[in-house]
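Enquirer: Below are the chains, spelled out letter by letter.
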Amino acid sequence: MTGSRAEKLIFGGTSLLVFAFLYLPLFLIVLYAFNETNINSWPFPGFSTRWFDKLAHDEVPKDAAWLSVRIATFSTLLALALGTAMAFAFARHRFRGRDAVNFAVTLPIILPGVITGVAMASLFLFSGTDLSTRTVIIGHTTFCIVLVFNNVLARLRRLSPSLEEASRDLGASGLQTFRYVTLPSIRTALVAGALLSFALSFDEIAVTFFLAGADTTTLPLWILGAFRNTQNVPEVNAAATVILVVSLPMIALAAYLMREEGATRVVQE
Amino acid sequence: MGGGPRLITRSVSRALYAHPHGRLGLLLGPAVLWLLVFYLIALALLFMTSLWQQDVFTADIVRNWTLDNYKKIFSGQDGLWLRVYGRTVLLATIVTLIDIALAFPLAWFMARVAAPKWRTLLFLAVVVPLWSSMLVRIFAWRTILGSNGVLNDFLISAGFLDKPSSAFLYNERAVALTWAYVWLPFMVLPIYTALEKIPDSFLEASRDLGAGVFGTFRRVILPLALPGVIAGSIFVFSLTMGDFVAPQLVGGGSQVLGGAVKDRFGVAADFPFGAALASLTLVTLMVFLMISRRTGAMENL
Chain A
131 MTGSRAEKLI
141 FGGTSLLVFA
151 FLYLPLFLIV
161 LYAFNETNIN
171 SWPFPGFSTR
181 WFDKLAHDEV
191 PKDAAWLSVR
201 IATFSTLLAL
211 ALGTAMAFAF
221 ARHRFRGRDA
231 VNFAVTLPII
241 LPGVITGVAM
251 ASLFLFSGTD
261 LSTRTVIIGH
271 TTFCIVLVFN
281 NVLARLRRLS
291 PSLEEASRDL
301 GASGLQTFRY
311 VTLPSIRTAL
321 VAGALLSFAL
331 SFDEIAVTFF
341 LAGADTTTLP
351 LWILGAFRNT
361 QNVPEVNAAA
371 TVILVVSLPM
381 IALAAYLMRE
391 EGATRVVQE
Chain B
19 MGGGPRLITR
29 SVSRALYAHP
39 HGRLGLLLGP
49 AVLWLLVFYL
59 IALALLFMTS
69 LWQQDVFTAD
79 IVRNWTLDNY
89 KKIFSGQDGL
99 WLRVYGRTVL
109 LATIVTLIDI
119 ALAFPLAWFM
129 ARVAAPKWRT
139 LLFLAVVVPL
149 WSSMLVRIFA
159 WRTILGSNGV
169 LNDFLISAGF
179 LDKPSSAFLY
189 NERAVALTWA
199 YVWLPFMVLP
209 IYTALEKIPD
219 SFLEASRDLG
229 AGVFGTFRRV
239 ILPLALPGVI
249 AGSIFVFSLT
259 MGDFVAPQLV
269 GGGSQVLGGA
279 VKDRFGVAAD
289 FPFGAALASL
299 TLVTLMVFLM
309 ISRRTGAMEN
319 L
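Protein chains in written order, with the working numbering: chain A, 131 to 399; chain B, 19 to 319.
Read the hints as simulated data drawn from the structure, not as lab findings.
The structure presented is a predicted model; accordingly, all values stated were derived computationally and were not measured.
All C-beta atoms, glycine included, are put in the ideal place defined by N, C-alpha and C.
There could be a bad hint or two in this list.
[What the hints assert, rightly or not] Within a straight-line C-alpha distance of at most 25 Å, the following computed DSS-like cross-link-like pairs (lysine-lysine) qualify:
hint: 1; chain 1: B; residue 1: Lys135; chain 2: A; residue 2: Lys138
hint: 2; chain 1: B; residue 1: Lys181; chain 2: B; residue 2: Lys90
hint: 3; chain 1: B; residue 1: Lys215; chain 2: A; residue 2: Lys138
[Claimed, not checked] Chain A residues, not near chain B, derived (Cβ > 12 Å throughout):
hint: 4; residue: Asn170
hint: 5; residue: Phe177
hint: 6; residue: Ala302
hint: 7; residue: Ser315
hint: 8; residue: Arg317
hint: 9; residue: Leu320
hint: 10; residue: Ala329
[To be verified] Derived coverage of chain A by chain B (criterion: at least 3 residues anywhere in the stretch with Cβ under 8 Å from a Cβ of chain B; other residues may be distant):
hint: 11; stretch: 153-159
hint: 12; stretch: 338-350
Using the sequences provided together with the hints, build the complete structure.
Expert: Written as structure tokens, this is what we have:
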């Protein structure tokens, strides 16, 4: 059902304003990446691509981005293993303490990063563990598990058990059933969970801030440091623009997966 | 080489796999162990630290149990910490309300007014900002609100101002606006999900039974959208209660909880007092969560 003309006008107009609010900063980030000067004042001083040139020859942000990619990759892989196994436990088994476990896995994403950060920093201090890239990965994995868990569990709940039963009845082993029946049907949920985990880890600042070792400069930590000197801002904007362009295919993939999700939902209802 | 141990591991794992309890343990064990060791014990340790003290001279943590850190929060320093706490709760409440007000009409448009073929695109449009650096998006507000910023230029050319005003940036209003901006998608998405689920027939029935637009909104739409609103509020309220980045980048001098905690674990090193402030934040959010949980909103996160 679509709305009446008045409804369209009122809500369409309001939505347009809200979208303007959402996109004005993004527009300015991309615009000021092409700033001719290093002054971020309005009106726009003039176009140039010098900040992209500077970025291309600056090793520090590249190293930081590469470190962030590695941290996000490891955290995502760990979260995939832990979250998927947990989703299977929830979908296939009944056990006591279900609600408590569900609450415990959701907590790291609901509570602000500063709490997770200082709590884990205390833990590592207490146990004599030096802060490093590894401690950041542990922190990121902790709040990424729930993203994979939620996606996979939602899919498993909609998956008809008769498919797996049929596979077993036709003589497939447990492993074969998993490989050829279960895995293909949860694949898009796994990709969606992984995309979310990667994106969240890549951009995370609060937990990272407290768990990073002295030489663990992730991209967000580099950005936060670069902001201390406003002359760096155009270069940071250039970096943010590059990241946005690079992540567009990922967003497109997420959209594709979502549509697929929508399609299965229609079939099942 | 290593055939013996491998054989043993394999037969053990096979035995575990064959038994339902063993299988459950294998699936659930690693994640539960991870959360217990790295998260729940860490939170417990944070709370314990808040009951300890820091030696003023050596900066070592002294492990004798005391409530001094909490006394300091509730009655120390002329109520400074109570004001920080009150300010943060108030700001988080305001930001949550702003986001509900902005998100609801947008979510309604996306879910019920726009043609279904546009929904994926609109959904994407809400999500895209989340994929670009949060820090850079926060910083962009300096370019908007600054004295040489977009807003000043607009207000001057529209004739509302004679000369640039510095009243828009580096204060609590700027921080609240920036927070409302960065967390907005987290409010839109759950409300959208809730609104999308309402069957058309409910709205038709309400209209057929004589309810007006407001009656339908109050008695049909609002109760069904409430889980989504609460789920979004949990995110926005909680993220605001702990954030230290926006106050650092666009705020003035006034302290908020997130920044105060960060400072105690950084420049103003006083881990036990920082842990007490963090525990207070944690308890506040837990109370908020428990209230929300009763409404069943946790299922919608």
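Enquirer: Each hint needs a verdict: does it hold in this structure or not?
Expert: Results for each hint:
Among the hinted pairs, B/Lys135 with A/Lys138 is consistent with the structure: their alpha-carbon atoms are about 15 Å apart, no more than 25 Å. A threshold of 25 Å between alpha carbons decides the hint, and for B/Lys181 with B/Lys90 the separation of about 45 Å lies outside it, so the pair is violated. Our distance criterion of 25 Å between C-alpha atoms is met by B/Lys215 and A/Lys138, whose separation comes to about 20 Å. Remark: the non-interface label on A/Asn170 conflicts with the geometry, its nearest Cβ contact in chain B lying 5 Å away (cut-off 12 Å).
No beta-carbon of chain B comes within 12 Å of the beta-carbon of A/Phe177; the shortest separation is about 16 Å. Every C-beta of chain B lies more than 12 Å from that of A/Ala302, the closest at about 16 Å, which supports listing it as non-interface. For A/Ser315, the non-interface assignment is confirmed: its Cβ lies about 18 Å from the closest Cβ of chain B, beyond the 12 Å cut-off. At roughly 19 Å from the closest C-beta of chain B, the C-beta of A/Arg317 stays outside 12 Å, upholding its exclusion from the interface.
At roughly 15 Å from the closest C-beta of chain B, the C-beta of A/Leu320 stays outside 12 Å, upholding its exclusion from the interface. With 12 Å as the threshold on Cβ separation, the claim that A/Ala329 sits away from chain B is violated: the shortest Cβ distance comes to roughly 6 Å. Here's how the stretch 153-159 of chain A fares: 6 of its residues keep a CB closer than 8 Å to some CB of chain B, so the rule of at least three is met and the hint holds. Given a C-beta distance limit of less than 8 Å, the hint that chain B covers the stretch 338-350 of chain A holds, as 4 residues qualify and 3 suffice.
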